[in-house]
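Chemist: Residues per chain, in single letters:
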Amino acid sequence: MTWLLVVEQILNGLQLGVMLFLVAAGLTLVFGIMNLVNLAHGSLYMIGAYFAVAFLGWTGSFAASVVLTLLATLVVGMLVEVVALRTLYERDHLDQVLATFGLILFFNELVAIVWGRAALFASVPPALGGFVELLPGLRYPVYRAVIILVGLAVALLLYVVVGRTRLGMLIRAGASNRTMVAALGVNIRLLYTVVFGFGAALAGLGGLMAGPIYTVQPGMGEELLIEVLVVIVIGGIGSIRGALVGAVVVGMVDTLGRAFLKPMLGTVVSPAAADSAGPALASMLIYILMAAVLYFRPQGLFPAVRSR
Amino acid sequence: MAEPLLAVRGLRKRFGGLVATDGVDVDVGEGETLAIIGPNGAGKTTLIGQLAGDVRPDAGTIRFAGADVTALSAAARSHRGLARSFQITSIFREFSALDNVALAVQAHAGHSFRFWQAARAEASLREPARAILERVGLGGRADVVAGTLAHGEQRQLEIAMALATRPRLLLLDEPVAGMGLDESQRMVELLRALRGHHTIVLVEHDMDVVFALADRISVLVYGRVLATGAPDAIRLDAEVRRAYLGEGQPA
Amino acid sequence: MTRPRRGLVTLAALVALAVVPLIAGLANQPFYLDLFRRIMIFAIAAVSLDIILGYGGMVSLGHAAYLGIGAYAVAVPALHGVHSAWVQWPLAMALSALAALIIGAVSLRTSGVYFIMITLAFAQMLYYIGISIEPWGGDDGMRLARRSQLGGVLDLADPHVFYYVVLAMLAVLLLVGERVIEARFGTVIRAVKSNEPRLQAIGVAAFRYKLAAFVLAGAVCGLAGALLANQTEYLTPSYMHWTRSGDIIVMVILGGMGTLAGPVLGAATFLLLENVLAAWTVHWQIILGPLLVLVVLFARGGLLSLLPGGGARDG
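Residue numbers (this note's numbering), protein chains in the order written: chain A, 742 to 1049; chain B, 122 to 372; chain C, 518 to 832.
So that you can see chain A by itself, here it is in the shape it has in the complex (with noise of 0.2 Å):
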């Protein structure tokens, strides 16, 4: 185990993490200003990666593909919102579980009707392909780099736009009082969708850039959506910066969890334990993380909702 590996693994959690960040801001936003539990948001991430697939092939354009997915994924976002979501705001989270849960059923067979049950094969663009020498000895693919500078780009991106903007001013108003900013005669509705569509874009992209590293499938949102479910958790419900800590975290225990564990693990146990025990537990540490988080702080670590 040399100290390469180890940071090639630590790069390759941040990685991890910035994506389910993607994915938990969008989520984390609409739960925490619509009192939403969206289990279909990873349907949207999943729809990213086919739409990235799709355009990638009518355009031959990478760049091309990167834009129409963002715009199809807000479109798609939007619709859904106005279509199936605006009931539910009001109904209790059953409803919500169980509506959603119904979406994903119609998500993951929509895309099979269309593109197959079988996986389907993204590439990496060209122009991000190859490696780049971080470190020397330490090469790293360049796609992978690529991702985790996107990934903080948006984060930062966020940080301006909730932070220092008037948009994001209501959108933090909306998190921790949602009635007051209707009293005062915000466009509520207008002000849901723009977040939904939001979301969903930010879903989208992590879709589009999960496909070359991960499998583009039907049902590739629900294996995703449990870990973010676990990262907003952790994070603490409506808040990105718990988003993105919970994300980072999450990422990195899980890739160095799966990447070290068995070995670890090799050195007190024998090696047969060791191969069996060892991704078992490694699979298992998120949620054991979770379970953790949830019993000392049962609001998380960044809570955005102060009474609920």
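Mixed in with the good hints there might be a few duds.
The list that follows gives simulated cross-link-like pairs (lysine to aspartate or glutamate, EDC-like), each with its CA atoms no further than 20 Å apart [stated by the list, open to error]:
| id | chain 1 | residue 1 | chain 2 | residue 2 |
| --- | --- | --- | --- | --- |
| 1 | C | K710 | A | D836 |
| 2 | A | K1003 | A | D1016 |
| 3 | C | K710 | B | D175 |
| 4 | A | K1003 | C | E651 |
| 5 | A | K1003 | C | D656 |
Hints in this document: simulated from the structure, not taken from any laboratory.
Use these hints to put chains B and C onto chain A, whose structure you have.
Modeler: Just chains B and C, lined up with the frame of chain A:
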């Protein structure tokens, strides 16, 4: 001098930057009726919450019936003899009025790990529940679904549920809130009949109700007790008048 | 729908179920015997979930975990030559109860969406454990060597006998369930859903009752898992996947939650739809998805509320 039934010392509670309770001392003797009044935002609801066990104080002690109950849950305090009614009506809306009260009786009649006999068939629960409903004036409405009762009747049901737990002390949070004149008078009659049998701590805005029922009044302003005394003394107290005059009409 | 009316619906359903094998035999369609047996097994799982979800208001997205535990409790002993149902099935219920005790003790400290997520997380944990245990088939799952043995008289290998055993269990569950709902315990559980702060204020320490309900629900679902393993003679960790929990929730809601007949109706509807629609198109789930959304938005009481006399439920 017998120890007061309820003795509160140095109670403090803050929510972020807001100090809701700022060193409150209260004594309530057995059998007396204490009214707590104060302008809006004085911290009355938070105080009731801490006495009932919903809100954990940051500092201070609450002694009830000779024991320190500060760390006890609401359910545990109920078993010590402390009952409460809520300012915003809080009942089991889907259950009938009788079921509501019977459940309160059930809560104090042993445990509920019984899986076979129908609770509705237990006479030892139904009979006392019926009697209490009669006492509060809801005898004829026993089988009505609680959510469909009139507002005033729901407030009466609140009292009934509190009584069903056979309390020594009743913590009543604005019992006549939202009631019209007739309903308020009926509630006052009911509470007057309870005086003496139970110790009562009453939070109220309606001064007529307060002066009709209270043995003593405590005035709460900015989370602190400004003055405590007999109703007439409070009525004439200069500081109290100043605290209220700035607020305009009490509700 | 009033209680006596619902009782009639339940009775009618049980009678209908009892008659299915005869009809299937006459029409020479053994497939339907299999299908309805599957329906009944899921009905048992759905009823167990309804106890905590419909009556107690606890939205658990991890209930399928007990299906998995129950199934493994049958398959693993069978792998080692232990085939007696008298060992396997109580083991299934005991292990599920234990898991529910641990999961519940942690999860029930939270509420609302946190509760949903933490139950989800626990189920996923069990799923991952299941995947990684190679001797038990890992990701691919394992076959059931033999169906559970009930001793001389009843042979589960006979599809009819198995059918009636499952039917008997469902009937007993519904009967006992009805008593429990009306007893002190059920009253407290219903009060938890109605107004938990009020329940605490009148002196009921709700946590222990919620936990007890959680454990009971888990145990019954474990039994369903044991039956399911016998039904399919095969099991995989996917029995515990959270989307399977979602399916069971769908059955409860579709049929009508907060009732005993509802989950039965919901399980039947869900699985019949799955079979009928699947015959038309492989993509039948695209209909199920929006259907679920519509039911949630417009028919909150589920199918039961749409039947004549449907509507408000009494206490």
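Chemist: So which of the earlier hints does this model not fit?
Modeler: Hints that this structure does not satisfy do not exist here, as all of them hold.
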